[in-house]
Amino acid sequence: MERQDEWIRVERTSAFKELTRQRKAFILPATIFFLVFYFGLPFLTAFTTVLDANVIGAINLAYIYAFAQFAMTWILMHVYVSRANRWDDLVDRARHEAAEDDGTGDGDGRSSG
Amino acid sequence: MSDQTISIIFFVLIIALTLGITVWASRKNKSTSDHYVAGGNIKGWQNGLAISGDYLSAASFLGIAGAISLTGFSGFYLSIGFLVAYLVVLLLVAEPLRNLGKYTFADMLASRFNKSSVRSAAALSTIAISMFYMIAQLNGAGALIELLLGINYTLSVIVIGILMTFYIVAGGMVATTWIQIVKAVLLIAGTLALSVLVLAQPSIGFNPVNLFNEVDSQIGSDMVVPPPPAGLVAGLDVISLNIALVLGTAGLPHILIRFLTVPDAKTARSSIITATWIIGLFYLLTPVLGYGAALFVGQEAIAEQNPAGNTAAPQLAEALGGPIFFAFISAVAFATIVAVVAGLVVAASSAFAHDFYSNVIRGGEASEQEQLRAARFTAVGISVLAILLAIPAASLNVAFLVALAFAVAASANVPVILLTIFWKRFNTTGAVAGILVGLISCVVLIILSPNVMTGPNPEPPLTPIIPIEAPFPFVYPAIFSVPLGFLGCYLGTLLGGRGAEREREQGLQVSYDEIRVRSLTGISNIEQEIHEATPQEEPRTT
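Note that the protein sequences, when read in sequence, are chains Y and A.
Numbering-wise (the numbering used here), the first sequence opens with residue 1 and increments by one.
Numbering-wise (the numbering used here), the second sequence opens with residue 114 and increments by one.
Bound conformation, chain Y alone (with noise of 0.2 Å):
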């Protein structure tokens, strides 16, 4: 089992729990937070007419909700690129500290982007 110990060697690098750490304080907020807004316009316009309501000339609520969703994809896109280029630092340094300790884990403690 001598390959798994070097994977949990990885696992155990300062810059490998900060990246997790750093993805999931990212990616769990972000996922829950465009499901929730990409459902709600089917269920308002699947059950309700709260969105029919005219805006700008005839387009209408529902329409801007959509129009919404577009500017959100490309929002939220860049953030994460924005981000996950700079986690790419941190799978450098967690490469680095794998290969400079042997297990317990602790890196340089360049403060991470």
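These aren't lab readings, by the way, just hints derived from the structure by calculation.
Heads up, none of these hints are tricks.
Dumping the calculated BS3-like pairs for lysine-lysine here, alpha-carbon to alpha-carbon at most 27 Å: (1) Y:LYS24 <-> A:LYS537; (2) A:LYS156 <-> A:LYS215; (3) A:LYS537 <-> A:LYS215; (4) A:LYS215 <-> A:LYS379; (5) Y:LYS17 <-> A:LYS537; (6) A:LYS215 <-> Y:LYS24; (7) Y:LYS24 <-> A:LYS379; (8) A:LYS156 <-> A:LYS379; (9) Y:LYS17 <-> A:LYS379.
Please read all numbers here as calculations on a predicted model, not as lab measurements.
For chain Y, the structure is supplied; the task is to place chain A on it using the hints.
Okay, now just chain A, sitting in the frame of chain Y:
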């Protein structure tokens, strides 16, 4: 007659162009890696364009425009869902998949479970999804060629089917990548031009609000307002459609395979950005095309040509831009269909040749030559089957058919992909059970639904397929079949619990520690990369 001549000339030009690329690429298509994933060397923006090309299928160009032109707001759900789905792909699936996979999404499952049963199940679902998707594309092709050349639907389906089979057998993934790129550019240029023509009409005056106002006053406010609530089943059906749309993309084999054509996770990421901008801008224009067609072609004329509205966009091009523009848009739509089908066949034939034939039947012993031959034979077989199934689907909307393909993908593949990445206890039995339960329940529910069991006198535009009243009232199955897929994973995992423990002890199942590290970091060869690596360039993980 002269219009038809122009169409035919443009057609020949576009076909010659795409075939030329195929022939050029086929000379480079030497290894299996080239055939399946273009050697893993596609750049981010190229891949982004190729993803857009794969994604913007006949469903998007012909189907959504048609659905909006005939039904208004509810057609726009498809645009929203197809786009937001990329958040699921980007945030949850793309990078782990890229880090764990090799050629197909079954490789990703096999990286954790390494069992021929998992590969077989994944190959089966890949082929089923590709089949549904192809039926949709061929259906769009049939409608288009019928409009263009006046030859009948059945014949056009057969002709298109033969053309694209040639294509894939010769070109493989390198060719389909380039064709997707060329086609994505053509399609976007065509859509932009068509939208500008609509907005330039005097009654619109380049103000999109006027477009909505015109539809509201000329055709009726129910074309702009969402359809009124129509009870529980209809309401849940809308939710069900949206579940399939938003989750389905993350389970589409021909999209997932695109993340394996790039050298690293960063490139996978940047290709999704390119793709999401292109796809989003395209979908933002779908109401312009759909409402434009309703106003300037007229709903009667659209429905008369094709009861499901599949030819609304080319008809709009003819009405506003004359015969040459019509020919151009039709040729673009045609290239779209051929290219998407090519991508689908590559995904399906890779699944069969690589996952089933090479790894299961031959126990990993098949040579590259044998694998390539198997992939080519499969491509032919799959195309023939799709042609046969597309013929009775003549009266259905392309986008609707694709939504069913999304439902199958969301039910069979998505639960397994997510749990492989995120669930520690997940095991081989769970993965196999999840794919099979999701796949079978989804397909059975589609067969029992009013889509197939139409009853003897279905509401127009449907034509009877099986003249029995449908026992399952929902049009879209995802609201039931996706939870069933997850349940299959869970129960299978419980069932296989003890066996999985033993497998882990014997080292037959890879530990979750390894999967977690690999999926998040892209490290694949731990000894080499940790001990020898002074981390400069991340090696291509194959």
